[in-house]
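> Kindly produce the complete structure, drawing on both the sequences and the hints.
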Amino acid sequence: MNPLVEFCVSNLANGSQETFEVLEKDPNIDVLEYGCLSYCTRCSDTLYALVNGEMVEADTSDELTKKIYQFIEENPLF
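Its first residue numbered 192, the sequence shown is counted upward by one per residue in the working numbering.
Worth flagging that the hints you see were computed from the coordinates, not collected in a lab. Fair warning: there could be bad hints in the mix.
Said to hold, decoys possible - Restraint-style ranges between C-beta atoms, simulated for each label pair:
#, residue 1, residue 2, range
1, 233, 257, 14 to 20 Å
2, 266, 223, 26 to 32 Å
3, 267, 226, 16 to 22 Å
4, 217, 244, 17 to 23 Å
5, 235, 192, 29 to 35 Å
6, 201, 245, 17 to 23 Å
7, 267, 232, 29 to 35 Å
8, 192, 231, 28 to 34 Å
9, 264, 204, 24 to 30 Å
10, 264, 232, 27 to 33 Å
11, 235, 268, 28 to 34 Å
Fair warning: this is a prediction, and the values are worked out from it, not measured in the lab. For every residue, glycine included, the Cβ atom is placed at its ideal position computed from N, Cα and C.
What follows is the structure, encoded as structure tokens:
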């Protein structure tokens, strides 16, 4: 079972698209995009993704990518 990373399409437009593209190429991660994840206030303030249901936030796309991989490493699925 692969980790699941979910993105809001509005957040992709705000700057997390690069992270989405990097993760989408990783065969060990399942990536989904939704029209809305209902985190509108956060979505307008920061870049984020839901990783296995948990919020991961960052100021830049590179930082978000690193934080997502770090979260997955620190919280393995069994």
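> Hint by hint, say whether it matches the structure.
Going down the list of hints, with the structure as the test:
1. At roughly 19 Å, the beta-carbon separation of residue 233 and residue 257 lies within the given 14 to 20 Å, and the hint holds.
2. Here the CB-CB span from residue 266 to residue 223 is close to 18 Å, at odds with the stated 26 to 32 Å.
3. Between residue 267 and residue 226, the C-beta spacing of about 30 Å breaks the proposed range 16 to 22 Å.
4. At about 19 Å, the beta-carbon gap between residue 217 and residue 244 stays in the expected band of 17 to 23 Å.
5. A beta carbon spacing of about 32 Å between residue 235 and residue 192 agrees with the range 29 to 35 Å that was offered as a hint.
6. Separated by about 19 Å at the C-beta atoms, residue 201 and residue 245 satisfy the suggested range of 17 to 23 Å.
7. One distance hint, 29 to 35 Å for the beta-carbon pair residue 267 and residue 232, holds here, with the actual separation near 30 Å.
8. The hinted range of 28 to 34 Å is satisfied by residue 192 and residue 231, whose Cβ atoms lie roughly 30 Å apart.
9. Checking the proposed 24 to 30 Å range against residue 264 and residue 204 shows it holds: the Cβ atoms sit about 28 Å from each other.
10. Taking 27 to 33 Å as the suggested C-beta distance range, the pair residue 264 and residue 232 conforms, at roughly 28 Å.
11. For the pair residue 235 and residue 268, the beta carbons lie near 30 Å from each other, so the given range of 28 to 34 Å is met.
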